[in-house]
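What follows is each chain in one-letter form.
Protein chains: 4
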Amino acid sequence: MTARDGASYVESLRAMNPTVYLDGKVDSVVDHPAFAGIISSYADLYDMQVGEDKDLVTFDNNGTRTPTSFLVPQSADDLVKRRIAAQTWAEYSAGMLGRSGDYVNAGLTALAEASTWFEEADPQFGKNIRAYVKWVRDNDLLLTATVGSPQTNRAVSAAEQGGGDTALKIVAQNDDGIVVSGARMVATNAPITHEILVMPQTVLRGGVDDMPYSFAFAVPSDVEGLKLLGRRIHHRSDNEKEEPLASRFEEIDTVCIFDHVLVPWDRIFLLGHPAKSNSMFTATGATALMAHQSVTRTTVKTEFYAGLLIEMAKAIGIDSYGHIQDDIAQVLGAVQFGKSALRASEADGFINEFGFYQPNMAPLTAIRNWYPRFFPQLGHMVKKFGASGLTALPYDGDAMGEMSGDIDRYLQGRTLDGHDRVNLFNLGFDAAVSSFAGRQGLYEYYFHGDPLRMSAAYVQAADTSHPQKLVQDLLAHARNHEGSEQSQ
Amino acid sequence: MTARDGASYVESLRAMNPTVYLDGKVDSVVDHPAFAGIISSYADLYDMQVGEDKDLVTFDNNGTRTPTSFLVPQSADDLVKRRIAAQTWAEYSAGMLGRSGDYVNAGLTALAEASTWFEEADPQFGKNIRAYVKWVRDNDLLLTATVGSPQTNRAVSAAEQGGGDTALKIVAQNDDGIVVSGARMVATNAPITHEILVMPQTVLRGGVDDMPYSFAFAVPSDVEGLKLLGRRIHHRSDNEKEEPLASRFEEIDTVCIFDHVLVPWDRIFLLGHPAKSNSMFTATGATALMAHQSVTRTTVKTEFYAGLLIEMAKAIGIDSYGHIQDDIAQVLGAVQFGKSALRASEADGFINEFGFYQPNMAPLTAIRNWYPRFFPQLGHMVKKFGASGLTALPYDGDAMGEMSGDIDRYLQGRTLDGHDRVNLFNLGFDAAVSSFAGRQGLYEYYFHGDPLRMSAAYVQAADTSHPQKLVQDLLAHARNHEGSEQSQ
Amino acid sequence: MTARDGASYVESLRAMNPTVYLDGKVDSVVDHPAFAGIISSYADLYDMQVGEDKDLVTFDNNGTRTPTSFLVPQSADDLVKRRIAAQTWAEYSAGMLGRSGDYVNAGLTALAEASTWFEEADPQFGKNIRAYVKWVRDNDLLLTATVGSPQTNRAVSAAEQGGGDTALKIVAQNDDGIVVSGARMVATNAPITHEILVMPQTVLRGGVDDMPYSFAFAVPSDVEGLKLLGRRIHHRSDNEKEEPLASRFEEIDTVCIFDHVLVPWDRIFLLGHPAKSNSMFTATGATALMAHQSVTRTTVKTEFYAGLLIEMAKAIGIDSYGHIQDDIAQVLGAVQFGKSALRASEADGFINEFGFYQPNMAPLTAIRNWYPRFFPQLGHMVKKFGASGLTALPYDGDAMGEMSGDIDRYLQGRTLDGHDRVNLFNLGFDAAVSSFAGRQGLYEYYFHGDPLRMSAAYVQAADTSHPQKLVQDLLAHARNHEGSEQSQ
Amino acid sequence: MTARDGASYVESLRAMNPTVYLDGKVDSVVDHPAFAGIISSYADLYDMQVGEDKDLVTFDNNGTRTPTSFLVPQSADDLVKRRIAAQTWAEYSAGMLGRSGDYVNAGLTALAEASTWFEEADPQFGKNIRAYVKWVRDNDLLLTATVGSPQTNRAVSAAEQGGGDTALKIVAQNDDGIVVSGARMVATNAPITHEILVMPQTVLRGGVDDMPYSFAFAVPSDVEGLKLLGRRIHHRSDNEKEEPLASRFEEIDTVCIFDHVLVPWDRIFLLGHPAKSNSMFTATGATALMAHQSVTRTTVKTEFYAGLLIEMAKAIGIDSYGHIQDDIAQVLGAVQFGKSALRASEADGFINEFGFYQPNMAPLTAIRNWYPRFFPQLGHMVKKFGASGLTALPYDGDAMGEMSGDIDRYLQGRTLDGHDRVNLFNLGFDAAVSSFAGRQGLYEYYFHGDPLRMSAAYVQAADTSHPQKLVQDLLAHARNHEGSEQSQ
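Chains as they are written, first to last, in numbering that gives the first Met the number 0: chain G, 0 to 487; chain Z, 0 to 487; chain X, 0 to 487; chain D, 0 to 487.
Calculated directly from the structure, the hints in this document are not laboratory data. Predicted model only: the values in this text are computed from it and were never measured. Don't take every hint at face value.
You can't tell identical chains apart in this list, so a pair holds if it fits in one copy or across any two.
Straight-line alpha carbon distances no greater than 35 Å define the calculated DSBU-like cross-link-like pairs of lysine-lysine that follow [to be verified]:
| no. | residue 1 | residue 2 |
| --- | --- | --- |
| 1 | Lys24 | Lys80 |
| 2 | Lys133 | Lys80 |
| 3 | Lys468 | Lys313 |
| 4 | Lys126 | Lys313 |
Required output: the full structure, derived from the provided sequences and hints.
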């Protein structure tokens, strides 16, 4: 099959029957208003694969139009192609769609190429991952992934959570496969995906207690025994002028509750290797390709905020103030940090042991560790710029004929009439003030895990011999060059 | 009349007929779901005036139970009584109700005492303000106030906004009073108040162009010709467990659009004195009493966030981490900053020229200038503490019988079952992530005006002779004490 | 004896013979140029006790002029007297003298009043502390104190440092007293004091290993067996115009190395009570009186920086810029934080179990925890304001006749001639850029200990029941008020 | 001549006779102790040009060994060569030498290649710059540059400073050249250079008043009529163990006072073109090559601080603490920001209109704008890590035989004996606390000018059409997609 279009995606969703709960059981995901906006947006992304931009987001894979997120890179140029594809999709949503398919696809591409790594655990696992990824790619399926256990107690491991009864674990094993029960958090978007990847947690400690928690597999999103418990919906309507982001881009975070779900043997990629589980993404290059996508997306997002701040500043006449320009300069600089990291990761990539060209992680890791701490400043700047203009945003004036004129007059900006000013500031509100914005903040802050733990991992993994040598050289020089004078 | 109870308040609202727009014209404010929560909360505040805590929030005014917010302070002890009353009300909403009546009442109390200041402009104005405040107090009315013009262009004055046609101004004057047209922003809560104070803007420059914009008066909230354009509602339901703050404490910010509204002469407190207008609140001591209330409220709010962070940390087992304790310590310290400022303002108050005991503004001003920059950290800490636990908050499980057990098990915390954990984290969400939280952030950031302009005003008004003397003394010492030695 | 004057202080120093090392053994502290500035400054402080300000810094103690730092407070007014005395001394040095005698005296005053607390350990200890403090007061001696062990390994306790051989401990005990060996850090100013207090460390864990490290005593600064190893000197000359702070206020931090020093029994205040040792300062109210002095001093210091920033801004014409005013506003606000805390601590003090009026610690603790993190901003602002004007500060032009005119012309400011501008900016340099400034930064950052550990202690000691109740009340309300409507 | 060695540099300095003032007139720069360390360090840099690393810092220029800082880049690889040369020199001083010759050489290289740009003003100017740069390169001269006027009043232009009498300007013009008088700030290192570039200020406004201030030329550092007024010296001795940075790397900032200095016509590169003056560095690509050098240097500097923090943390056993690792992670990430920017600027460079390969400025500008605000954090971290260990650093124990053993024992770290610990912490002191460190902070903060003005320039020069388009696309989508449902 060639790369999907939007209609095909919606049709495929309709053919599925996941067990989804919001404020009650959802009869039909496709027909439920909570999902209307997000499904439409994902359909738009798929439509790009067959529209005028198709060459930006797909490539010719031996005669088959294939999403570029599956392109196995052989050179820096291939990484550029992958980046352009990711950027094109990200720009559609100003980077607000954190789980567009290309993110997981980036990881899958590496995992399949690194099938020998899985074979070290079991030859069958290598075969499984290759076949599975081929199937996903050939059918252009949409996947989400889940890597975390319930948050019961952040001070202990999965096996110790809630008496061992909350985290997903293997409860039986038979000829057909393994049987798993327990919960996983957070599978964003699960109700509108085809498949869910259940990936190793990264905090397994390798002890025997962790064995039942050590696995990697995939299940259909509507597999029997799986309940998807969605979080509360944040958008209120489908009025785009009022909620330009929330009405279109609200990805629903989902708790996955497995109740004796059977996972067939051919869908299992790893089993019972805690140490290997911990390193699966990094050892295969999957982390590198995924980071290349996510840094592309967050860079687009920062660029959107730069544009938003500039437009707001112009609209109300504050664009010539020094402190306003200073804020904008910080954001424009942050965009460059992202772009520089991407270029450096591409320019300094290398053909890895699995034969594909892997981006240099060092620049991308620096961005991954920095962005969660930088991102909150963007919303804060929008609030500072918008001030009282963000406080009193009325309902869509077009639906209130009698007030339309008043809105146009009294809510005008320096350069915009009242309706356009309200629309622009509604965008600011949705990017910085609304529940949607609040959830984006949580999402970016914890995208890669707890920033403090990431720092620790970063330091422990870093080769710091060169920085230390700079210090040792100076100390050696001091030891070897006794002064001739007394202290002055 | 004695201090109101809640039923009386609701009844009085029902007797009014303001012209209110949300997503269309509102038939009945009292019956509209958008206002149900906030009216109920205000009714609770009024009920306190007749309940077991009545001595905390009212006083015996020659035989009449009167809200303590009208107590004319004669000593530091009276300020303590005023503080306890404000604190009692603020604790009801964890400081989320920024426009509870005691705020405006604090200002009115000072304005009435300072009637001689108004008489300097016109003897009638002094008489008017005294009579008006007495009437408000005797009827225990709820007021809001508006001090700002539309934000069209922040670089120019009201007279220059939108060709002079957007800001509220006098368009006619006759035997009955003045006639005003134009808009005012933002009158929080106007639809559920009895009266709206239309107060001088603080940016009048005193030129002749500013004359039509220079006034202080009051109108009933349902005066003919006044349209109240409410902002979009942020809460989604009246389910308190899901939205423990938004469902109860959402004060609606309102644009007031005046279309040839007549203001009778006896409701006018100032007219055509731009310079006097600018200093009305500070010269009369109104700013001091209002700041005493608002610092009390924000201190309670900070205290609530301290409690929230502590409860969340315990619930998920992170309370022994050093960086978590460090964050909590900052918040506990911030509470003390507020408390110390209040105590210092009381201890160092003085009987002013109008004969009442006025709190020392210096400690309160420091808090007012600091709080807008501190407050965003509170929400950020809640996000950091809550992490993924804030991301996947489901709908109220009690309404989903079949999922109730799963929620109890899989969303449990270290110390709480799933339902209680979700309820606690919903509170965190509403305090830091939701649209309600976002609007609170805007509200606190701009409560007193643009923080940068406040800084400029602060520096310009400050007596910095003593700090400068410390510097000059050191320089003089250096000039007078020549060294005897050469440089070493 | 009445309160000392400067000549008496210098004379008394000359009569002592401490073993001091700088870049070699110091023959005479009084005659060594490294100490000339600081001794002269301390002499100035003592001269205040007999000069025109004597009533600000001393009181009539039954006919004897006694330093106010020994006044046993019985009321809020007494605390005000103590504050004024501390402020008067602090203003002399712009708060740069962190170890002026009034700091330790504040602690001693409380310890003596709380002699019953020492008696609980041993009646003799109570007698000793009373007699010792009386002797110190009657002779107006200058003391320093040391509370820390060498920093060998911050992850372990004193007993575990360097094999147990680095931290000061008891090595013998006999009829005359105890014999101690090992090192203590950091006794600031020890070479110019009469006595050194050796106080309990606050990290004793109470185990049996800690017994040899558990004591409180005092020794003369020139006691036999004690070596005082001073740090490197930072000022270069006694030219005050070049180094207006360093040349006058450089207190020398000193490592105290004890080699079998005998401490007579009547100089021992506590021995072998680890638990009691840990709480000695807080349980007796000594911490409260010392904090009252130190917050007074740091508030003066902040006030000096406010003045410095204002003077520099005026000198080069940047005082009307918004971002400059914003910085100044932050500093003026910080001054108020200090002042408010002092007033609140005085107003809410209480007569404690030892019969003296103790300031409320809560406001002071908040300042103590905040100041170390705030202080670095002051220096950073000075650098921002001064810019290139701080980079090229020449030597004192008066000593270079031929260049004097060039300096006057080319280094002039907007409001100052070149010499005065250079003098002012030299003060800025010494307050923010020089080694002296750098050491002040270290001193303030660690004045009370590691800020992170202080945060932990703060949280652990705090009563947070009220903040938590605010949260619990909201949750209870939510549980008890089921919504009637469905989610919208 | 081939690239110099150190002896040749020192010999050439001895042949010059500049008029230098410190605390009096300097008889011989080469023999004055204030310059001993810095001259020795520069000599070391020159020695690298003939030592084992010569291929890293020089290239074969048609048979002549030439400093790589003069290599005219034709490709990304040439930029890499330039970067490696700059890095090699920067690592010698841990980035502390901000004015090593390669910085100005980078600019000169571009200016000479862009001689057609100068010819647009006058054909002779193009000829002059080409000839001058060739002469500098062939003789491997050391240059400094000055771009600023005295700071009298930051609110007005050079022509308005001090009545027009302080800033350097043309006072006469004749057949031999122009005659200039007035002052320039700050020419770092001028006393030990061969030549001083006097470059246009960037704040000329192009009015007729600015004409006498509009020029670019070069003079020998000992030209008649030029007085070099050096700032106060910060290091105290040549003891490297005590002052490992200050004793070696103290570059002296100098005020240049011109008293009727004649500048011959062939040394003038621009005269009387204010607009062209303002853009000289950017239009020619000089800014790009200089930024490529300076970002290389600051990246090395950051790397040194990373190493320093790691070594200090290990030495005292704090390296496993989460907050310590978090700080280290920030610094390691900051190193990557610099490296990524350099790689991106090289990978995305281009052959410019003058025929050489110019690095892409966008990544470098982002770093230039960020670094001044980031740098202060490095020193602050060193202080936090070092704590009391930085407070009591004694004099070099080797010079105090009797105390040597005590220092070894009592100042030991977890992993180091006392001497090595003191040496390491002395390095920390010199990198974060000393006057040398303070001056480094000033230097980096203002290296490129006032950060706030740089932000304004950045925003004004930036092409922000793409960020704005992201916003406009979302607004257009909202306008075109009316919702079908009512608000919920």
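query = Against the structure shown, which of the earlier numbered hints fail to hold, in ascending order?
reply = 1 and 4
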